[in-house]
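Engineer: Starting from the known structure of chain Z, fit chain B onto it as the hints suggest.
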Amino acid sequence: MQPSDEALVTAYLEDGDEEAFRRLVERHQDRIFGYLMGMVKDRATANDIFQDTFVRVINAMQDPDGAYSHEGKWLSWVMSIARNAAIDHIRKQKKWADMPHDPDDGRSFWDTLEDDSPYADEELHRAEQREWLDEHIEQLAPEQREVLLLRQETDLTFREIAELQDVSINTALGRMRYALKNLRKMMEDSDKASLAGTKDS
Amino acid sequence: MDDSLRLIQYLYGEDVDDPTFDRRITDDEELREEYERLQETKEALDRRSSPSPDADVVDHVVAQAADAAQSGTASDDRPERASDRAARAPDRAWTRRFRAVSTALALLLIVGLGWWQLRSGDPATTPSAGETSTQQQSASVAAGTEEEQSAESMPEWDDRDEVVRLHQRIEQVRSRSRTNAWGGDPQTVDQTSP
Chain Z
1 MQPSDEALVT
11 AYLEDGDEEA
21 FRRLVERHQD
31 RIFGYLMGMV
41 KDRATANDIF
51 QDTFVRVINA
61 MQDPDGAYSH
71 EGKWLSWVMS
81 IARNAAIDHI
91 RKQKKWADMP
101 HDPDDGRSFW
111 DTLEDDSPYA
121 DEELHRAEQR
131 EWLDEHIEQL
141 APEQREVLLL
151 RQETDLTFRE
161 IAELQDVSIN
171 TALGRMRYAL
181 KNLRKMMEDS
191 DKASLAGTKD
201 S
Chain B
1001 MDDSLRLIQY
1011 LYGEDVDDPT
1021 FDRRITDDEE
1031 LREEYERLQE
1041 TKEALDRRSS
1051 PSPDADVVDH
1061 VVAQAADAAQ
1071 SGTASDDRPE
1081 RASDRAARAP
1091 DRAWTRRFRA
1101 VSTALALLLI
1111 VGLGWWQLRS
1121 GDPATTPSAG
1131 ETSTQQQSAS
1141 VAAGTEEEQS
1151 AESMPEWDDR
1161 DEVVRLHQRI
1171 EQVRSRSRTN
1181 AWGGDPQTVD
1191 QTSP
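Going down the list, the protein sequences come from chains Z and B. This note's numbering applies: residue 1 is where the first sequence begins, and numbers increase by one. This note's numbering applies: residue 1001 is where the second sequence begins, and numbers increase by one.
Extracted from the complex, chain Z is given alone in its bound form (with noise of 0.2 Å):
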C-alpha cells in the first residue's frame, strides 16, 4: 500500500528523510508541470518555476510558523505556491494579458487525429495532438484555461480550485464550462467533418 502524502510529509519533517520526499516530488511531479508548461508553455521557464516552487515549499515546510497546516492537502498547498509562483513570472513577464492569438497553421486537431497508415508512431501522433490541443488552449481566457490546466493536469477538485482562485464553486464551474465549449467549438470550426474521429479506436 502506497504512504499516503501526509504519511511521507511527516517523514521528512520528523526524520529528515529525503527518500520521502522524493517520493512526493515524484508522485505529483507531472501534475504540478503540466499545469506550469500550460501557464508559461515554455519547458526551459517551467523548470525553473517547477524549482522556485519547491524552495518556497521547502521553507514554509521547514518552518514552524510556516504555512502548512498538516490537513492532508499537501498538493493542494503546492499548487497554491505554484500557482503563485507561476503567476509571479508572468507578471514580470507581463505576459498575463491574453496572447495574440493566430497560431492557426490550416492544420487541424482532426489532422492530428487521422492517419491513413496504420503503422503511423503513435508517439509522434499523441504529440502532434498535444501541440494541437496546447496552441489553442492557450487561446482561451485565462481564467477560464487555468480551471481547465488546473482541473486537467492536478486533478484538484473543483471546490479546492474554487478555493485556490478564491471564487465560488460555482464561477469555477462555470469557468470549466466555458472553456470546454470554447475548444470545442475550436474544434469543430477547425474540421467539422471528422468530427467522429476525436473518439478513441
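Don't take each hint at face value.
[Said to hold, decoys possible] The following label-pair restraints were derived from C-beta to C-beta distances:
id	chain 1	residue 1	chain 2	residue 2	range
1	Z	I87	B	S1102	54 to 64 Å
2	B	R1097	Z	P142	32 to 42 Å
3	B	R1037	Z	A141	11 to 21 Å
4	B	R1032	Z	E18	46 to 56 Å
If you're looking for bench data, these hints aren't it; they were derived computationally from the structure. The structure presented is a predicted model; accordingly, all values stated were derived computationally and were not measured. Where is the CB? At the ideal position from N, CA and C, for every residue including glycine.
Structural biologist: Using the frame of chain Z, we list chain B on its own:
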C-alpha cells in the same frame, strides 16, 4: 446550482448535489447530448499526456530538501552542495602582502636608527659627498630653523646696535636733564628748538 454546472461536476466524477441527476441525464435528451459533446472534448484532453520536469531539476529539488532538513532553510542560489564542493586552497595573497610591508618597515627602522646614531654621536659631522642634495637642503633648512629659534629666544634689548643707540639716547637725555635742573644753566633759544 443549475444542471449545466452539475454536468461539469458529473463529467469529472465529482459528487453532484442532486441524487437524481444520473437518471435525468439518461432521460433528458438535450442534457445527454451536451454531456456527450463535453465528454468528447474531455477525452481529447485526457489523451494529452502530461509532460514531466527534467530529471536533474527533480534531483536538485530533493538535494535542497535534504540540505534544508539539516540547516532549516533551502536556498535557490546554491550551484553545488557544500559536501560535494571541491576543496579550495586558502588565499595567501594577504599573507604575502603583509610580509613585504613588514620587511620594508623593518629596513626603514634600521636605516633611521643608524642615521640617528651617527648624527647624535658626531654633531660636527658634515654630510658626506655621497649624500643627496635633498639631504643637504633639508639640513640647511634645519639649521636656519635653529638660528631663527635662538634669535627669537633672545630679548630685543640684547641687540648690540640697539644697546649702543639706547645708551647714547640715555646720555643725551641725562645731559639735557642736567641743564634743565633747578639752579642749572639758563636755557637758550636754540635748546628749545626740536
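Engineer: Starting from the hint 46 to 56 Å, judge whether the C-beta atoms of R1032 of chain B and E18 of chain Z obey it.
Structural biologist: For E18 of chain Z against R1032 of chain B, whose Cβ atoms are near 51 Å apart, the range 46 to 56 Å holds.
Engineer: Taking the beta carbons of R1037 of chain B and A141 of chain Z, is their distance inside 11 to 21 Å?
Structural biologist: 20 Å, holds
Engineer: Evaluate the given range 54 to 64 Å for the C-beta pair formed by I87 of chain Z and S1102 of chain B.
Structural biologist: Holds, since I87 of chain Z and S1102 of chain B (Cβ atoms, about 60 Å apart) stay within the stated range.
Engineer: At the C-beta level, are R1097 of chain B and P142 of chain Z separated by a distance inside 32 to 42 Å?
Structural biologist: Roughly 60 Å apart at Cβ, these two residues miss the hinted range, so it is violated.
Violated hint for the displayed structure: number 2, the only one.
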